[in-house]
Amino acid sequence: MNWGSLADFLAMGGYALYVWGSYAVTAGLIAVEVVMLIIRRHHALKTAGIPTTGDTP
Amino acid sequence: MQTQAIGSINWFRYASPQSFYPLAGAMIPWFAWAAAVLCAAGLYVGFFVAPTDHQQGESYRIIFIHVPAAWMSMFIYVVMAFWAGVGLVFNTRLSHMMATALAPTGALFTFVALWTGSLWGKPTWGTWWVWDARLTSELILLFLYFGFMALQAAIDEPRRADRAGAVLALVGVVNVPIIYYSVKWWNTLHQGASVSLTSAPTMATTMLTGMLLMALAAWMYSIAAALHRVRSIILERERGADWLAQGGVRP
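First to last, the sequence lines map onto chains A and B.
Residue numbering for the first sequence follows our numbering, beginning at 439 and increasing consecutively.
Residue numbering for the second sequence follows our numbering, beginning at 42 and increasing consecutively.
Hints listed in this document are in silico derivations from the structure and should not be mistaken for laboratory results.
As the structure is a computational prediction, the values presented were derived from the model and not from experiment.
Do not take every clue at face value.
Label-pair restraints from in silico Cβ distances [stated by the list, open to error]:
1. P70/B to V463/A: 22 to 28 Å
2. L64/B to A449/A: 44 to 50 Å
3. P92/B to L455/A: 34 to 40 Å
4. D94/B to V463/A: 50 to 56 Å
5. G98/B to I476/A: 56 to 62 Å
6. G188/B to V470/A: 19 to 25 Å
7. W284/B to K484/A: 44 to 50 Å
8. A465/A to P242/B: 34 to 40 Å
9. D446/A to A194/B: 46 to 52 Å
10. K484/A to R201/B: 23 to 29 Å
11. A445/A to W226/B: 20 to 26 Å
Glycine is no exception: its CB is placed at the ideal position from the N, C-alpha and C atoms.
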């Protein structure tokens, strides 16, 4: 185990800005892509005239 | 009659959007779950098992995103160019659709590689950015993805958009080996490869394990995202086609 406490973990040995800046932006962008994928699919289903009830990914 | 046994599975069946649509739909959950599980395992190993680096301290933990993202950015481009080329040669609609579906995910990983590289460069090199060969060629890759998407979006007629995009994708593929070998061909600030097919990795086993788990997760995610997007593209392109109009599709 590398970390003595949660604060230790969050501090990342003084590199918190760089490490968490990397992970947060990556996670955020992936979340945005997933949302955009879902929106595009709903739109595509609607224009194709397929009902979206009970939609599976 | 007897010769039919070998190769009796007609793989080309899945080259039609109509057959591929349900197949892709069935595969997406598997890839998505694999991505989630591998990512969780990779993050666990990356943060709780892999030790602190004796030179870079904790800043090196950016590697668990940076390297997988950089690999994916190049690999997705090659796959995209491959499908674009297949589409040009065989004039298959689905191939072009796959190329189109891959571009946004490829651009995402390219941006992530640049972003995390910048955040890693600052504490280790003392600069956010430098115009060395590795960074510059990776930036060009991002512009190639953007160019591919913009070009396709700018042309109204889908078949022409497909072909124009495919030519751009194929021309741009020359950039991928330039990115990969840039650290060997030029004297770059960026370090050489830590992992290669021809020599033993120059990093601790647990670090490598975490990185490979994250790389596999990125693979699975990319496949799931591209399949999901290609299904939307199929719906958009094929609307009005008989197989869709006759209600042959479950959502």
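Evaluated hints:
The hint said 22 to 28 Å for the Cβ distance between P70/B and V463/A, and at roughly 27 Å that hint holds. A beta carbon spacing of about 48 Å between L64/B and A449/A agrees with the range 44 to 50 Å that was offered as a hint. For P92/B paired with L455/A, a C-beta distance near 22 Å fails the hint of 34 to 40 Å. Distance hint for D94/B and V463/A: a CB-CB separation of about 22 Å, inconsistent with the stated range 50 to 56 Å.
In this structure the hint that G98/B and I476/A lie 56 to 62 Å apart at CB is violated, the actual value being about 39 Å. Roughly 21 Å separates the CB atoms of G188/B and V470/A, a value that falls within the hinted 19 to 25 Å. In this structure the supplied range 44 to 50 Å is violated for W284/B paired with K484/A, their Cβ-Cβ distance being about 18 Å. Under the hint 34 to 40 Å, the C-beta atoms of A465/A and P242/B, about 26 Å apart, miss the expected range.
The given range of 46 to 52 Å is respected by D446/A and A194/B, whose C-beta atoms sit roughly 47 Å from each other. Restraint check, K484/A to R201/B: a C-beta distance of roughly 26 Å satisfies the suggested window 23 to 29 Å. One distance hint, 20 to 26 Å for the beta-carbon pair A445/A and W226/B, is violated here, with the actual separation near 45 Å.
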